[in-house]
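Engineer: Which chain is which? The protein sequence lines are W, A, F, U and B, in order.
According to the numbering used here, the first sequence is numbered sequentially starting from 5.
According to the numbering used here, the second sequence is numbered sequentially starting from 5.
According to the numbering used here, the third sequence is numbered sequentially starting from 5.
According to the numbering used here, the fourth sequence is numbered sequentially starting from 5.
According to the numbering used here, the fifth sequence is numbered sequentially starting from 5.
Any given hint might turn out to be false.
Identical chains share a label here; the pair holds if one copy fits it or two copies do between them.
Here are the simulated lysine-lysine pairs, BS3-like style, with alpha carbons at most 30 Å apart [said to hold, decoys possible]:
1. Lys238 with Lys83
2. Lys38 with Lys74
3. Lys172 with Lys64
4. Lys74 with Lys110
5. Lys139 with Lys205
6. Lys152 with Lys74
7. Lys110 with Lys200
8. Lys64 with Lys110
9. Lys225 with Lys110
10. Lys139 with Lys64
Hints in this document: simulated from the structure, not taken from any laboratory.
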Amino acid sequence: MTGPRHMVHSVFAGVLFVLSAAGASSASAADRDKLLSEPGVYGTFAAFRINDEWGRLDQKVRSTQLNAFKAVVERHRDKLAIDTYLLRGLSDRADFLLRIHGAELKDSQQLLLDVLASPFGRYLSGELILNGMSKKANYVPGFPDGMKADLKAPSESGPYVAVIPIRKDADWWALPQDQRLAMMQEHTEAALPYHKTVKRKLYHSTGLDDFDFITYFETAKPDDLHSLILALSKVKEARHNRRFGHPTLLGTVTTLDQLIETLGQ
Amino acid sequence: MTGPRHMVHSVFAGVLFVLSAAGASSASAADRDKLLSEPGVYGTFAAFRINDEWGRLDQKVRSTQLNAFKAVVERHRDKLAIDTYLLRGLSDRADFLLRIHGAELKDSQQLLLDVLASPFGRYLSGELILNGMSKKANYVPGFPDGMKADLKAPSESGPYVAVIPIRKDADWWALPQDQRLAMMQEHTEAALPYHKTVKRKLYHSTGLDDFDFITYFETAKPDDLHSLILALSKVKEARHNRRFGHPTLLGTVTTLDQLIETLGQ
Amino acid sequence: MTGPRHMVHSVFAGVLFVLSAAGASSASAADRDKLLSEPGVYGTFAAFRINDEWGRLDQKVRSTQLNAFKAVVERHRDKLAIDTYLLRGLSDRADFLLRIHGAELKDSQQLLLDVLASPFGRYLSGELILNGMSKKANYVPGFPDGMKADLKAPSESGPYVAVIPIRKDADWWALPQDQRLAMMQEHTEAALPYHKTVKRKLYHSTGLDDFDFITYFETAKPDDLHSLILALSKVKEARHNRRFGHPTLLGTVTTLDQLIETLGQ
Amino acid sequence: MTGPRHMVHSVFAGVLFVLSAAGASSASAADRDKLLSEPGVYGTFAAFRINDEWGRLDQKVRSTQLNAFKAVVERHRDKLAIDTYLLRGLSDRADFLLRIHGAELKDSQQLLLDVLASPFGRYLSGELILNGMSKKANYVPGFPDGMKADLKAPSESGPYVAVIPIRKDADWWALPQDQRLAMMQEHTEAALPYHKTVKRKLYHSTGLDDFDFITYFETAKPDDLHSLILALSKVKEARHNRRFGHPTLLGTVTTLDQLIETLGQ
Amino acid sequence: MTGPRHMVHSVFAGVLFVLSAAGASSASAADRDKLLSEPGVYGTFAAFRINDEWGRLDQKVRSTQLNAFKAVVERHRDKLAIDTYLLRGLSDRADFLLRIHGAELKDSQQLLLDVLASPFGRYLSGELILNGMSKKANYVPGFPDGMKADLKAPSESGPYVAVIPIRKDADWWALPQDQRLAMMQEHTEAALPYHKTVKRKLYHSTGLDDFDFITYFETAKPDDLHSLILALSKVKEARHNRRFGHPTLLGTVTTLDQLIETLGQ
């Protein structure tokens with residue numbers, strides 16, 4: 005996620021972890037880029053809590069289980085783009101988060117079924133599952149050209165991540181498209197100052213879970229994330245948020261290997 | 005559910021599962037069709053979570069328990085139409101869902117009592133039970149003829165399923181019938197573009213649980229499900245939804261045998 | 005509850021259950037009738053969930069515990085009218101429900117203390133307790149004579165039961181009595197078509213729990229229960245329901261012996 | 005609480021309980037009266053649930069633990085007025101309640117720390133803690149003299165107790181004092197008919213927990229408690245209750261010895 | 005926190021606790037002062053509940069685990085200012101609270117990861133995590149000079165602490181800055197009488213959790229805390245609190261050593 009991953013070995017508590025490189029069996033970088041950038045891709049956010057008992061298992065048992073968990077995840081990388089996040093220590097809702105992009109929701113479901121059927125999975129409880137999809141930008145085509153250009157500039161990423169699901173009120177959906185466009189232009193103007201330091205991605209989830217949107221943020225500067233959300237609270241469109249967060253998930257981007265090393269401790 | 009079921013054998017982890025065909029003791033296809041299409045039939049949705057301990061039982065014990073669970077379900081098929089869904093991996097509320105249609109609510113209750121009294125049942129917790137009934141269409145008789153004809157076209161089914169319970173507000177029920185008819189006609193117009201790809205079924209549940217309606221959707225295209233619910237969010241009738249979802253259950257249609265095979269892993 | 009109870013013996017799983025008749029030590033039928041019909045009687049609804057562990061106890065241990073549970077209940081029948089309901093399979097809130105009528109709330113409390121102190125009680129968790137009392141009809145004296153006569157006709161009972169607690173809004177209580185009377189007359193007119201097939205009883209609970217009323221329904225026709233609650237949703241008085249249900253408990257009337265036999269399985 | 009406590013011995017299940025008298029080490033009756041009647045005293049309400057496992061401990065172990073629990077409570081009586089209530093059987097929130105009055109909140113905290121550090125405390129879960137303080141009457145000085153006199157008449161106590169926490173809305177606090185005075189006078193007029201049979205005490209809790217007030221009631225007549233709360237629901241001030249109850253705790257006054265005897269069963 | 009900490013030894017239940025002094029490896033007092041007073045510092049509030057099982061571990065095991073917990077905390081003091089609070093006995097949400105100030109949120113996350121990975125951590129459940137940051141005062145520059153001077157007077161601290169998270173409504177953020185300034189000036193005027201006895205600190209948390217602010221209070225006089233929050237409830241700005249508390253955490257300031265000694269009992 006944050007640059008190329010290198011093949012390394014880690015010896016932790018006497019147990020060897022073979023750290024993964026983006027190998028031949030994974031979705032190629034090009035495929036991953038497509039899944040992460042194109043419209044019509046499904047995104048599933050699955051947050052898990054690790055049960056108390058797991059931490060009391062023998063270290064070797066835990067390592068074996070984590071390696072099997074890793075193998076399950078790797079096996080699904082040919083069809084899916086899978087990102088891992090550590091929530092523990094920054095969120096009270098769960099310990100870690102998987103973000104899964106795929107062309108078919110049932111592939112994401114199969115990954116999660118396989119994770120939960122693995123020995124480690126028997127110590128996991130699924131605290132939150134959010135489903136959404138990427139779509140072509142709804143309002144951007146109506147924005148001024150300068151704004152469109154600004155939006156094309158690249159954004160910096162990680163290590164901090166926030167996931168904030170949103171439900172709009174009935175009034176929002178009842179508004180005519182041009183009024184929503186005007187409000188979204190004001191929204192975008194308020195957000196632009198943070199475009200460089202906070203990376204955003206939007207998922208549409210109406211009908212796929214209890215929210216209308218899943219908003220995803222990555223940044224190295226949590227203060228800019230704060231300033232961005234504050235700026236977005238001040239525009240008229242914010243009055244149409246019936247639910248904003250609840251939960252707000254805050255965490256850090258982590259590779260699968262780092263996640264396993266952290267959990268293995 | 006999705007075409008004829010064939011008699012096959014599956015050997016999983018050394019344990020034989022005799023996969024069911026629609027056998028002589030089951031409700032005939034005709035009976036099932038009647039239960040699924042006629043008014044005055046009760047529908048119960050029961051979502052279960054499997055406790056942590058179960059996954060740690062010996063594989064053979066689990067297989068024996070699942071076979072007994074299957075026998076319980078099959079035994080009730082003479083009176084009930086029973087459909088099974090896998091929620092795990094797409095919903096955080098439960099692992100699987102039973103949808104039960106019957107002429108009497110107490111037959112559905114007896115099935116669930118028998119499931120919970122079976123050895124597998126001792127590892128299940130009932131997370132959600134919704135009760136409703138099918139009724140003659142309330143508003144369709146007042147719709148224009150063209151719309152009525154459109155509504156008779158067949159809809160494609162599965163493998164994705166969504167169950168969204170709805171509670172209307174007091175204003176809705178206080179409206180005169182003709183105003184509700186006009187709004188439901190607008191609602192139906194908004195839904196028609198998705199009639200072919202998203203199959204819908206409505207259950208009335210006022211007084212039988214905490215909701216007024218249970219809406220059931222099946223589709224091969226979750227993006228069309230999303231577009232349908234979004235379109236329905238924009239009509240005036242949507243302003244009278246006091247609660248929409250909470251929970252929204254998303255899952256996949258599965259045969260009982262597939263469900264057992266998945267859970268047995 | 006549904007006609008006379010006969011003295012029978014049941015052998016289940018090799019364990020003898022002595023099924024109760026309305027015996028000499030119980031409240032006489034006359035006393036029970038008074039408790040169930042007179043004003044100034046307290047009603048307590050206590051819904052219990054049976055913990056997972058209980059189902060894994062040895063069959064004989066469970067039977068012994070259930071017989072002791074039964075003895076506890078029978079012992080209190082001299083002062084209390086105690087009805088039992090099976091919620092499992094129709095409600096997700098609890099497995100069974102006790103409805104207790106008595107002249108003193110502390111007698112009901114003592115019954116529940118004794119149940120919970122019995123061996124079976126150690127596997128029960130109290131999910132919901134609602135307390136109310138019967139009162140003289142508030143509004144009926146102001147109704148037209150014809151309506152009063154209609155309300156005196158008998159209602160059919162069971163086997164289905166629904167318990168729906170209600171909290172009114174502040175506006176309701178602020179209304180003058182004559183306006184509330186007019187609305188309750190409209191409410192009663194809407195309910196009368198279901199008077200024969202749905203038996204109702206009202207408990208006042210303001211100050212005794214978090215609701216204002218506990219409404220209790222018994223019927224053989226859940227579709228009529230549905231139609232009744234729907235009809236009541238359409239009258240002006242319904243706009244003053246701040247909370248209606250949450251939970252709605254749906255279940256079936258059961259004798260204590262049937263309950264024990266069902267739980268013993 | 006309900007008259008003098010006598011020194012008695014109770015033999016229960018072969019285990020001797022030495023029942024307490026108001027002994028030399030306790031706060032004198034005068035001190036207790038001051039704590040219960042003067043302004044500026046802190047009141048903490050702590051409701052506990054006893055975990056399932058405790059009920060399965062050996063009878064002697066439980067008796068030993070309860071005696072230790074009793075010793076902890078008695079040890080704190082020199083600084084604190086401690087009352088005990090049995091909620092089990094009348095409330096679903098908890099099994100028993102401690103009401104603690106003291107000059108310092110940290111003394112109440114220390115009592116609860118000591119209870120939870122005792123062997124019995126390891127089987128308790130704290131379900132609810134409410135903190136408040138007594139203050140000089142806010143509005144009474146502005147009431148007519150007749151009403152002031154009426155409020156000085158004694159009230160009868162127990163055995164029933166209700167604890168209802170209340171949160172006012174923002175409009176209430178924004179009202180000028182004279183308007184609040186007028187509304188509280190109407191409130192008091194509505195309450196006076198129940199002054200004799202329902203004893204009330206008010207705790208102010210803004211900033212000390214999530215409520216503004218903790219209202220405490222004691223009565224021998226739950227029907228009068230009901231009538232009182234109903235009467236208070238009808239005055240204008242009631243429209244400013246943003247939250248009323250949730251939870252409403254109903255229980256019975258019990259001595260520490262009775263509580264221990266009940267729990268020991 | 006409350007004056008210099010001395011190096012002492014405590015023998016509790018036969019186990020030696022080496023009580024910490026502010027040692028060489030800790031952040032210097034100057035660093036700590038900066039973290040606690042400067043803008044742009046992140047504050048994380050993490051509240052933990054200790055599971056039932058822990059209390060039943062052998063005393064020596066618990067002492068060893070607590071010493072390891074202490075070592076983890078001490079190790080992070082070079083980068084972080086870490087304060088500890090005892091909630092048990094005053095709040096029902098959790099047993100203890102860590103307040104962590106640091107320049108980077110990931111340092112706070114690492115501390116919590118290390119705590120949870122320690123043997124004691126396996127018996128902890130994270131009940132609440134709030135994240136915020138200190139910022140330059142928003143409105144103070146616009147206040148009259150007299151008020152600015154008053155705000156510079158020192159405030160007394162502990163032993164009582166309250167943490168109250170706040171969410172503002174959409175109207176608040178939509179107001180122009182001068183109107184918010186006027187309201188905050190009224191707010192500050194109402195708070196000034198308690199400036200001396202109640203120490204306050206404000207954290208901005210929009211986008212970092214589900215709240216907009218975390219308000220932190222320390223006092224020796226809980227009655228003044230009550231009066232302060234009551235005074236703040238009466239100003240116009242209070243009408244823009246969509247959520248105030250829920251939870252309100254009340255507890256006492258404690259050193260790490262005192263916390264360990266209390267928990268070790």
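Engineer: Just pull the numbers of the violated hints for me, sorted ascending.
Structural biologist: 1, 3, 6, 10
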